[in-house]
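Colleague: Residues per chain are reported as follows:
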Amino acid sequence: MNPKRKKLLLIVVFIVVGMGTATGLALKAFKENLLYFFSPTQVANGEAPVGTQFRIGGLVKKGSVKHDPNSLRVSFVLTDTAHDVKVNYNGILPDLFREGQGIVANGRLGRNGQFVASEVLAKHDANYMPPEVADALKKAGVKHDYGRYRMK
Amino acid sequence: MFVELGHFALILALFVAIVMAVLPTVGAARGNLRWMAVARPAGRMLFALVALSFAALTWAFATNDFSLVYVANNSNSDLPLQYRITAVWGAHEGSMLLWMMVFSAWTLAVTIFSKQLPEAFVARVLGVMGMISTGFLLFILLTSNPFIRQFPVPANGADLNPLLQDPGMISHPPMLYMGYVGFSVAFGFAIAALLGGRLDVVWARWSRPWTIAAWSFLTIGITLGSYWSYYELGWGGWWFWDPVENASFMPWLVGTALIHSLSATEKRGVFKNWTVLLSICAFALSLLGTFLVRSGVLTSVHAFANDPARGVFILIFLGVVIGGSLMLYAWRAPGLAPSNRYDLVSRETFLLINSVLLTVAMTAVLLGTVYPLVVEALGMDKLSVGPPYFNAVFIPLMVPVALAVGIGALCRWRSDDWRRLWRQLRFAFIGSIVLGVALVAMLAHSDYFMTALGVSLAIWIVSGTVVAVRERLRHRGGLWRGLKSLPSGFLGMSLAHIGFAVTIVGVTITSQFSVEQHKRMGPGESTTFAGYTFHMDRLHDITGPNYTGTEAVVSVTDKDGDAVTTLRTQKRKYNVRDTTTTEAGIHAGVFRDLYASLGAPLGNGDWSIRLYYRPFVRWIWFGALFMMLGGIMAARDKRYRVRARETAAMEEGQTGQAARP
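As given, the protein sequences belong to chains S and F, one line each in that order.
For the first sequence, counting from 1, position 79 maps to 79 in my numbering; every step adds exactly one.
For the second sequence, counting from 1, position 81 maps to 81 in my numbering; every step adds exactly one.
If you are wondering where the hints come from, they were derived from the structure by calculation, not from laboratory data.
Treat the hints loosely; a few may be bogus.
[Stated by the list, open to error] Pairs of lysine to any residue, SDA-like flavour, derived with a Cα cap of 20 Å:
| # | chain 1 | residue 1 | chain 2 | residue 2 |
| --- | --- | --- | --- | --- |
| 1 | F | K382 | S | A122 |
| 2 | S | K61 | F | A600 |
| 3 | S | K66 | F | D343 |
| 4 | F | K382 | F | L602 |
| 5 | S | K6 | F | L344 |
| 6 | S | K28 | F | T363 |
| 7 | F | K115 | F | P209 |
| 8 | S | K6 | F | K382 |
| 9 | S | K6 | F | D343 |
| 10 | S | K28 | F | V399 |
| 11 | F | K382 | S | V50 |
| 12 | S | K7 | F | P209 |
| 13 | S | K86 | S | V120 |
| 14 | S | K6 | F | W413 |
| 15 | S | K31 | F | L383 |
| 16 | S | K31 | F | T363 |
Whenever a hint applies, use it, and build me the whole structure from the sequences.
Modeller: Structure representation (structure tokens):
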């Protein structure tokens, strides 16, 4: 083998090994960190896994937000108007969280059918509806008034 | 009237862009000097027209002309003047116009700083830029026109998104666009070289300063975005692996690979094809970033558009640009001059390792960013990829990059010797491990390994750089005189590498040693952590020009009870949009930030509040600042001013080539 070939081969080996390792790492991490989205209806139908992390989205039901008087604990009901899921959270809610607003929560479903959120996300604009939530509502047969949905 | 003039100027700019795209390109192919000569005046005209149009829109904002739909949707007469002006790029239409404005500014720069370049080459570069301008101007005029009037005229506007009413917003988008769009020059150079059939060392030398300048702007643009989210979003985070951040980070990664690969192409005439591919890739990713951010497929503070026509337009545009340039590459690249030889242990190898790893890292980020979109578009699942994925893939890839940086700057071109390198670097190598481990041991912590690794790598880069600088200085007299005599390209590189090390230290220590508390607190209550006591002094109401709110005053004392600072954090409610935002109270320091951000009222006079202790967080941005300054220094290197003799030789070749059918 002449030196040029040898060098080329080494470079190719390096690239293949590097790419292979990276791909392996990436796919492993990828599998472990995929977060699926489920709507309250899917949760009610038992489609969502118990004990595995996933995302849930819906509207915060009016009058359902309850703060614990001594801590940051809060509970609220998420709805796609067909079904409800109770969400428990210990932390600070985002600025745009309010009753009637569409939000997405990240966490696990307990055996009691209540969702324990590790993170609650409301998007940056008050008029904004997360697309997953809009879709879940549509599937549940709600005609939501998007009035100012297309805000800009 | 001025607004109509601006609108008209934009339409005229489209025609100028078409002329600029067609005449010089055809002229260069046919060797018609008169057609080629159109390129420069057309480029300047384009700039003048787009600038006029931009000025008209700014004028409309400054004078509260709510008869424009765009102004009415994004401004308000109560908005302070400086934010009325930045509101020009506060939403989709205006930010596209800003994109175009920046693009035409780069075009102008090419027309001015290209005197030494051959006519045919300049004609081709400007021709490519004319094609891109045509696409973007069509996009603005057809789908995102900011000059559309409405009737009846509303009494007042809907206000600017309150999150964007912030000084960071004034500079972040223009800087980011300077970077994004700057890669179009590197792209234009690469396409022109492919069209001309001459990819050589001279081409790489022309391309380098432009590419490095664009990279510097992109660096500072991303840094400003990171800093803005840190103090404005109120969660004290500096990077979220949010798709929008990734959209700007991917061109940066490829751009970094590109400036390194270009140096090897210029100095040694190697990796030509790879460099061209990276030039195409960097600009394609800039366009992809624009597409991801602006089409509304991503949902965040940046996603303005919900109009599918826009997404389709950008997608087609993207397809034409990427598909067209890759086809040209496939057609022309294999016939290019053969590469020079180099040994396994040589600077070329380390530059190659570096640029391959950065490209792999970019691919991993791309996978995590685009995969959920593809899956959803195919109507399968709805899913998202969390930050742990990006950390798990990205960080291991950066370890060999950091190792290579320490050696690469010292390693000789073409051929070097492991034993020589080891002799030079053994103290740096052992020293950085010992020092890194020892430093971290003093601050014992749970994730010991990661911290020691990060700190060791940073020390390794710095010491490797110092050894390389010393090696260069050996025969140059005193330290100061020697430093002044070194080429600014080398000094800029060294500074940027040290900046990389500083950023690594910041990221590592902030990630591992930050302490935070989310508390329920009322006036008079306090909490202690990380050696500081945070005491909530009082809460009071505030009134601003276009908002009302509550301010918390939190005094901080250290272990000895001495006062450190008083943090003021606000919760603001903006009247027009009925939107709430948080203003964090930050006490900045070189070694740590103290950070308070007010949550929400919980009843009984209590509020929720986030309190953070963030050590070394500023190092992340300082490091990036060094990288940018290093880039600017390197771009100013005298060696890039092309010598007349080379140009003359090139000209002969170019026109000779072009004259043939």
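Colleague: Which constraints among the numbered hints does this structure fail? Numbers only, ascending.
Modeller: 3, 4, 8, 12
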